[in-house]
Amino acid sequence: MNRAVLINSAYIIASILFVIGLKMLGRQPTARRGNLISAGGMLIAVVATLVDRHVVSYTWITAGLVAGTVIGMTCARAVKMTAMPEMVALLNGFGGLASLLVGAAEFFRIRSGEVLPEDQAFTATVIALTILIGGITFTGSVYAFCKLAEWLPGKPVLFRGQHLVNGFLVAGTVAAALGFVVTHDARVALTAFGVFTGLGLVLGWTLVMPIGGGDMPVVISMLNSLSGVAACAAGFVIRNNVLVVAGCLVGASGIILTVIMCKAMNRSLANVLFSGFGAVAPARAGDTPAGSVEGELKPLSAEDAFAVLEAARQVVIIPGYGMAVAQAQHVVQELAEILGQNGAEVRFAIHPVAGRMPGHMNVLLAEANVPYEQLVEMDGINPMMSIMDVAIVVGANDVVNPAASRDKLSPIYGMPIINAHEARTVICLKRGKGAGFSGLENQLFLLPNTRMLYGDAKSSLQAVIAELKSLSL
Amino acid sequence: MNRAVLINSAYIIASILFVIGLKMLGRQPTARRGNLISAGGMLIAVVATLVDRHVVSYTWITAGLVAGTVIGMTCARAVKMTAMPEMVALLNGFGGLASLLVGAAEFFRIRSGEVLPEDQAFTATVIALTILIGGITFTGSVYAFCKLAEWLPGKPVLFRGQHLVNGFLVAGTVAAALGFVVTHDARVALTAFGVFTGLGLVLGWTLVMPIGGGDMPVVISMLNSLSGVAACAAGFVIRNNVLVVAGCLVGASGIILTVIMCKAMNRSLANVLFSGFGAVAPARAGDTPAGSVEGELKPLSAEDAFAVLEAARQVVIIPGYGMAVAQAQHVVQELAEILGQNGAEVRFAIHPVAGRMPGHMNVLLAEANVPYEQLVEMDGINPMMSIMDVAIVVGANDVVNPAASRDKLSPIYGMPIINAHEARTVICLKRGKGAGFSGLENQLFLLPNTRMLYGDAKSSLQAVIAELKSLSL
Amino acid sequence: MELILLFFIFTLAGFLGFELIAKVPSQLHTPLMSGSNAISGITIVGAIIAAGADDGSWVTTVLGTAAVTLAMINVVGGYIVTDRMLGMFKKKGAPDSAPKKEPAS
Amino acid sequence: MELILLFFIFTLAGFLGFELIAKVPSQLHTPLMSGSNAISGITIVGAIIAAGADDGSWVTTVLGTAAVTLAMINVVGGYIVTDRMLGMFKKKGAPDSAPKKEPAS
Ligand SMILES: NC(=O)c1ccc[n+]([C@@H]2O[C@H](COP(=O)([O-])OP(=O)(O)OC[C@H]3O[C@@H](n4cnc5c(N)ncnc54)[C@H](OP(=O)(O)O)[C@@H]3O)[C@@H](O)[C@H]2O)c1
Ligand SMILES: NC(=O)c1ccc[n+]([C@@H]2O[C@H](COP(=O)([O-])OP(=O)(O)OC[C@H]3O[C@@H](n4cnc5c(N)ncnc54)[C@H](OP(=O)(O)O)[C@@H]3O)[C@@H](O)[C@H]2O)c1
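Chains as they are written, first to last, in the working numbering: chain Z, 18 to 490; chain E, 18 to 490; chain R, 3 to 107; chain L, 3 to 107.
Be a bit skeptical, because a hint or two may be false.
Selected chain R positions facing chain Z (in silico; Cβ < 8 angstroms) [unchecked claim]:
hint: 1; residue: I6
hint: 2; residue: L7
hint: 3; residue: F9
hint: 4; residue: F17
hint: 5; residue: S59
hint: 6; residue: W60
Since the hints were made in silico from the structure, they are not lab data.
Glycine included, every Cβ here is placed at the ideal spot set by N, Cα and C.
Excised from the complex, chain Z in its bound form (with noise of 0.2 angstroms):
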């Protein structure tokens, strides 16, 4: 009994310690503090659960606590910041993973067992649920990592009759996992048991394979949720009230973060998650269809560029997910560090959703060291986009669609934008007539104040340095 309560005061501190961590992260000064609190709830519940009476052989804990130790900080240490979208992915992969083996275990020691469980029905059915929504987050989870990882196309996979092959998947999964709450045959259990984990497993891979690679972040976060629920429902396997109280914690606040995330794209999650967003992309992009955008496209060359940007006072530069593409975020700080030298006041406009991830920008930008006074909020830059001299935008598009403010018909309507079509000049670098992630066309390449400067960011941006050193010099 003694051991008992000192275990699970340790539970209770450790979940203090979560809500205590989960809320310090949400706030800017406090984030990094939050996180080492919440780890080291981790640490004593973990410490604290090693010391269970029903934990005899700590042989293959330790085998497994060191192993995970060692793989989980080289993997962390090793990633770029440009992938860490992906590890996240991983990593919530894993656990997922982590729950289904601990409904698993459960499974089989009550089958070995002669002891059954007080509430038979219940226990299998928290059971299931474990493997069912673990093994979702397991697939679903590795999909998205590979979207974004690029060993597989980010393109939404549709094909005729999707729906209804997820619809008998689903139904499937269900019967599976309902035999295997009723039934009193053991061999029947059993044979449930493979059924519907195997069925939930493939359920992961087909629910996120309709969902395009820049999405992949809201799906994550989703899946971040999902995970937390696993680890809620192992906890009612095992009857654990820390899994209870961390999982459900992550389970509510994923879905929170998830629905945030979704408005700041102005789409709501069910969009996201089952309407193929983006795959019809390239075919809208090429034709013209009604209420389309007039004027020209008037191409710029580096050195046009320089006079411009040579002349410019108030500079504001705009990235967005070309900038990640082309890796030009170590040559766009040299730009705005000449141009300062030059007498320019220099900012970047983040905006909430540039790139593919909430915060790209921020940490592309905060790896290439530039400073944090420089990046102006959505918000921020607005009001003053009218006394800019000069706009750049680096591989931007949705996010400084006009159309998005003044078009009721274009998919993106509603999102807020960067008004840098209200700037004296514009200058945007693409590679050439690529649409944004939502596939539409934007008018603000054809405004009059427009000028394109076509090529991949980083060596355009490298031309136009390369001007502005030989005068400097």
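Fit chains E, R and L with the ligands to the known structure of chain Z by using the hints.
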């Protein structure tokens, strides 16, 4: 087992309703519905408890429930809107006493029964806590009630060695409670029980003694939090989850609310509870300390006031505690209406701590049917103050005292005020040279553009209205 | 074990209470106080169990009945008083966001 | 009874999770996701119990050990990745409120 599951499910639902209700109570548009939802939760909890297997005789329960309902309904319906704070205090006291009685009943049940509870020391501790906190809540609330209802003088009661006496009382109580927990002798336990019950009741009284009547809302909020803690402790006594949850919710949210209330007055909780604030007021108000204010009071007759008001286009009325004392809300409303008919735009400026309870002015003006749209909060009115032709200060003092923003030595320094002094003309209604709640002189009354309209606010205003009416006829 | 879980519940409810009350406009302070005071009348549950306990003596019955009465006054009175206060606010025109019905005279 | 209290805990934790995450600035979304992902590695507790269970067979030990490894990767990796991301933000000048150390070039 089945019945227990049912009851506990009901308890979970009740807890959820409490959480949702409390959340909704915090926002104006949903507040009323939130209260109903929380009442629904209470109904569910009560009904679920009635079917508890341990409850066998219903005669007395029914009697108690009926009596309580009738008394509660009668009082709550009969009480005047202006007497709400004391009503809340009284109700809170009853809740505390009920928790005390629950603790006592459990004590006697264990005493008379054969079986001792599992964790004797723990049970004794929580019984002692329940009784102590319940007792303090009870007598403290009753004392607050007496002060607010003016059955006792509102001024802080201070005497030499008060802290010493309180210290001894606390020490005695703690000693008795400790004895109660450690003893195994039934007789000693009974004596200790009697001692700390009595001392707890005395403590509630003496702790509230040195606190002035104006701070009673803060004290009531504090005691409200305590009554939640008492209920929570009672929950540990009888191992009841809904008591623990609901009690703890009230305890925690009550503390936060108390702190918010203190902040609005720019004072700390400790200052409110222990400083005897307001006790030295009359002495200080009379004499002229260093840094005193200069200028002269310029009285104004009702006829002159009429002349000023007749010509005004923009009028702001700033009500304060004096309006409540004079019960002048209806006349104020009449004045506003007449001025409105006369072509002026009339607004009411509501300071968050005007009066003696949060929302005091809102409640009074609502009672007098002042349209909601005419009420403007402090932050809304201050930027407009300089375009106001006349500011009518109806029995407000501290909340329009410029010293709060100017004089660093003033005890109310830092409290945000309504900038009445920025209006073109200020008319102040008060009976004489009485100071405000904080006991400070108010330079506003001495400013060149300020006129004093002496007398009870209600009769002064009636005189002004008579003048205005005689004109319009 | 039960006790430990109760402590768990206690902790979580405490955090929840803290989180729920934030940025409450000042005119809602009094109704909020009164409304949460009514919730603290939950001690009625303990009172009912004490009054009707199958293993109680006359002492516990008397104490329990008194507790039931007092807690019930707290509950019923608390909810009605809160409702009346909030009714005051609602009666004239709707609050902030909702459409305003009464002409501003 | 234990199960019911677990459900109670579940409910409260859910509400708490909802309340805690509100108004998070967008650049913190990814670290927050990653940080809460690390917390979901709490399943390590279940994995340890499964791997070391006194009444387990070799099947449970294998499954448990695999679970311990995977969960540990999630936990360790998750916390380190989050810390690295947040470190990025901190390195250059301090955030909003804190004093700014670096000259704006
Ligand atoms: N941040 C998030 O969390 C998140 C998550 C999911 C979805 N999204 C969505 O992603 C979009 C983000 O908008 P965005 O403006 O940042 O990007 P975007 O709309 O995807 O546009 C990227 C632009 O960069 C150009 N580009 C690509 N590679 C380039 C290179 N190497 N050099 C130069 N240019 C290059 C592309 O044109 P070319 O092909 O012609 O070069 C394209 O126009 C939004 O629609 C948002 O809703 C964001
Ligand atoms: N709202 C809350 O929750 C709360 C709670 C605790 C404390 N407080 C404190 O209470 C104070 C409230 O400030 P306040 O400006 O509303 O009031 P105040 O500072 O207390 O001043 C009230 C004024 O009304 C005058 N008065 C009294 N009876 C009158 C009558 N019948 N007719 C006309 N005038 C009358 C008094 O002067 P005469 O005597 O000369 O007439 C006095 O100057 C603040 O200090 C605040 O911190 C508020």
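Evaluated hints:
| no. | hint | verdict |
| --- | --- | --- |
| 1 | I6 | holds, 4 angstroms |
| 2 | L7 | holds, 6 angstroms |
| 3 | F9 | holds, 6 angstroms |
| 4 | F17 | holds, 5 angstroms |
| 5 | S59 | violated, 31 angstroms |
| 6 | W60 | violated, 36 angstroms |
Going through the hint list in order, the structure does not satisfy hints 5, 6.
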